[in-house]
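2 protein chains.
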Amino acid sequence: MIYVVATSIAKEGFEDLYRESLISLVTPTRKEKGCLLYDLHQDKENASHFIFYEIWDNQSSLDKHSISEHLSSHQERTKEWLVSSDVYVLDRIA
Amino acid sequence: MIYVVATSIAKEGFEDLYRESLISLVTPTRKEKGCLLYDLHQDKENASHFIFYEIWDNQSSLDKHSISEHLSSHQERTKEWLVSSDVYVLDRIA
Chain A
0 MIYVVATSIA KEGFEDLYRE SLISLVTPTR KEKGCLLYDL HQDKENASHF IFYEIWDNQS
60 SLDKHSISEH LSSHQERTKE WLVSSDVYVL DRIA
Chain B
0 MIYVVATSIA KEGFEDLYRE SLISLVTPTR KEKGCLLYDL HQDKENASHF IFYEIWDNQS
60 SLDKHSISEH LSSHQERTKE WLVSSDVYVL DRIA
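Quick mapping for you: the protein sequence lines, in order, are chains A and B.
Residue numbers for the first sequence follow numbering that gives the first Met the number 0, beginning at 0 and rising by one.
Residue numbers for the second sequence follow numbering that gives the first Met the number 0, beginning at 0 and rising by one.
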């Protein structure tokens, strides 16, 4: 299994727009083959900070997600709205 | 429920020591009242980067964890081994 933490911070004034765009990813992504978990979180202390925690059955499913239409159009739509965006692919070690 | 992402980066040369200390937290923490999930991950691209994903039943359980003996002694033991350590308390929004 492949574990992912994807963290991003919206520019001031774009938090709500960005939040809606992130939420729009959830339903189509959870339908993708190999998507075992895809949960979106918002930082209680910083409303511009969002974190996905994801579990995929294998790298190939994650690779397909990375080029999916809904993710690509989200990235295109939001690229000017962000301070930062980082994706960490992880091994679960305990 | 309370969701937490705790991310930390070990100084060069301390990765293995730090990893072992993190792993030692898992068994006692999972026994704590209110601990629903406590999973430790290591970044595939950066072996010094570790991420916990945690779910707690409520803030009070998380507060008790924060002052638990095993976490306090881990923090004391490892405080000179770290580049950075951040804890984000989150709402799950989707």
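The hints are simulated quantities; they were obtained by calculation from the structure and are not laboratory data.
Mixed in with the good hints there might be a few duds.
Copies of the same chain look alike in the list, so a pair counts if it works inside one copy or between any two.
To be verified - Simulated pairs of lysine to any residue, SDA-like, Cα-Cα distance not exceeding 20 Å:
(1) K43 <-> E31
(2) K43 <-> T6
(3) K32 <-> A93
(4) K30 <-> I92
Taking the hints in turn, this is what the structure says about them:
Proximity of K43 to E31 under the C-alpha cut-off of 20 Å is found in neither arrangement, the shortest distances being 29 Å within a copy and 23 Å between copies. Both within a single protomer and between protomers do K43 and T6 lie at most 20 Å apart by alpha-carbon distance, with minima of 14 Å and 16 Å respectively. In the homo-oligomer, the alpha carbons of K32 and A93 lie at most 20 Å apart only across protomers (19 Å), although the nearest pairing inside one protomer, at 25 Å, exceeds that limit. Taking identical chains as interchangeable, the C-alpha atoms of K30 and I92 lie at most 20 Å apart only when they sit on different chains, with a minimum of 18 Å there against 27 Å within one chain.
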